[in-house]
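Based on the sequences and whatever the hints tell you, model everything.
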Amino acid sequence: MDSPSAQCGNDSVLWNNHLVFAPISYSLVERRLLYLLTRMLKHRFVEHNLGVPSNWQDLYFDLTDKDLKLLGGRTNVLQTYEALCDIHKKTVLVRFANEKGEVVTGHIHWIDAFFYNEQTETYKVRVSPEIMPYLINLSANFTVFSTKAALQLSSRFSQKFYEFCCCFQEGMKHATMADGQMLKKNVINLPIDKLRNLFALNEEKDARTGKIVRKAKYSNFADLLRRVIIPARDELYNRYVEGNSEVWFDYQVGDIVNRKVSSMYIYVYTHKSPKQGLPRPWQEGDEPLQPFERVSNVPATQLRMDMTNASTWKELSAYELEFVVAQLLERYLQKEEAWEYVHLIKHQDGNLHTKFLQVLQVIQEKEQQPKFTHGTAAYKRKAIKTYVLGQNLKEFGWCVEA
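Residue numbers for the sequence shown, in my numbering: 1 to 402.
These aren't lab readings, by the way, just hints derived from the structure by calculation. All C-beta atoms, glycine included, are put in the ideal place defined by N, C-alpha and C. Any given hint could turn out to be false.
[Stated by the list, open to error] Listed next, the in silico SDA-like pairs over lysine to any residue satisfying Cα-Cα at most 25 Å (straight line): (1) K346 to L19; (2) K314 to Q361; (3) K148 to R239.
[Claimed, not checked] What follows is a list of derived Cβ distance ranges for each label pair: (4) Q361 to G243: 46 to 54 Å; (5) K124 to G285: 51 to 59 Å; (6) T354 to N141: 12 to 20 Å; (7) P23 to L138: 15 to 23 Å; (8) Q369 to G285: 53 to 61 Å; (9) K148 to E330: 36 to 44 Å; (10) G210 to D65: 39 to 47 Å; (11) R280 to R95: 38 to 46 Å; (12) K148 to R280: 20 to 28 Å; (13) N141 to Q290: 23 to 31 Å.
Pasting the structure below:
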């Protein structure tokens with residue numbers, strides 16, 4: 001069996017974005033184990049071009065006390081062992097639409113078995129087969145990050161922010177916010193509610209029973225800054241300066257509704273896209289951070305007119321089509337949701353200009369159907385997500401899952 005302490009080579013791994021955006025449920029040490037196992041999975045299956053194993057014996061991995069020291073520290077082997085004993089109790093929440101368009105909620109394990117050999121003083125963990133499709137044979141909607149950098153982080157909030165930043169480090173444009181304005185590259189407008197959900201700070205109820213399974217935490221924005229955001233930003237920045245991380249982030253308060261902060265701008269900085277000006281976290285007195293840039297020379301009003309004239313779509317650039325697709329989706333979906341779909345479309349394989357044109361075509365075809373035209377807002381929303389994006393695009397050989 002593979003031992004992580006004996007492995008070498010490139011330590012970068014791929015996670016499906018669902019894992020990146022799933023709320024935190026694992027502790028610092030437990031998540032370090034997940035990073036380590038991902039690297040071992042890559043070494044055993046990905047580097048040898050093997051698919052998901054059919055033999056459950058192939059999903060066993062060996063660990064030693066040396067590996068436990070790597071996870072929890074040299075003096076915390078017993079505490080690390082106790083954490084690994086309990087890791088099978090935690091799951092990742094998955095929600096998807098089945099072939100009938102019905103929403104299915106499930107809980108899948110990373111690890112479904114853990115054993116300790118008293119004679120050899122070694123450990124065996126078995127990775128759950130349900131998690132494997134989120135880790136190997138990924139061709140779209142994934143995030144690349146360094147397990148070496150991730151293993152060095154000292155809090156679960158820093159770990160999650162690191163994964164999040166790696167997802168947005170390739171210079172993508174995340175959202176259009178107002179007429180003629182678009183967020184700059186590597187700037188994300190993140191609603192506070194989504195940020196709190198990402199870090200498992202919202203109250204959570206079981207979908208079936210309605211019982212509270214997790215209480216809310218750090219409800220006050222000042223506490224959220226002090227306990228979560230600033231410590232994670234400072235750690236990632238220090239790691240970046242030391243050469244131990246390829247990304248770091250800064251933040252800026254966004255929208256304020258009823259005297260409460262409702263969103264934040266997250267600025268993701270990398271060696272390829274470093275911070276302009278003073279290369280450090282923003283401080284009072286520094287030049288204000290600027291999240292927006294002009295979309296293009298084409299006025300936003302003109303782009304909206306072009307939405308009703310398919311003959312002009314082919315004349316637009318992919319950059320401009322992105323705006324048109326988002327505006328069209330916003331007819332039926334919430335703004336942030338529409339831009340999440342644009343983000344997923346941009347991460348599909350193939351020519352981006354063609355992909356956007358195909359999306360526009362299937363939406364227009366759906367809009368011409370009488371049942372859709374006379375349907376309720378809820379029906380149109382479901383039709384766009386489940387059928388247009390999830391089914392109709394398959395005629396072009398691809399789709400975007402709801």
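Here is how each hint holds up against the structure:
no., hint, verdict
1, K346 to L19, "holds, 19 Å"
2, K314 to Q361, "holds, 11 Å"
3, K148 to R239, "holds, 12 Å"
4, Q361 to G243: 46 to 54 Å, "holds, 47 Å"
5, K124 to G285: 51 to 59 Å, "holds, 56 Å"
6, T354 to N141: 12 to 20 Å, "holds, 18 Å"
7, P23 to L138: 15 to 23 Å, "holds, 21 Å"
8, Q369 to G285: 53 to 61 Å, "holds, 57 Å"
9, K148 to E330: 36 to 44 Å, "holds, 41 Å"
10, G210 to D65: 39 to 47 Å, "holds, 44 Å"
11, R280 to R95: 38 to 46 Å, "holds, 39 Å"
12, K148 to R280: 20 to 28 Å, "holds, 24 Å"
13, N141 to Q290: 23 to 31 Å, "holds, 30 Å"
Hint violations for this structure: none, all hints satisfied.
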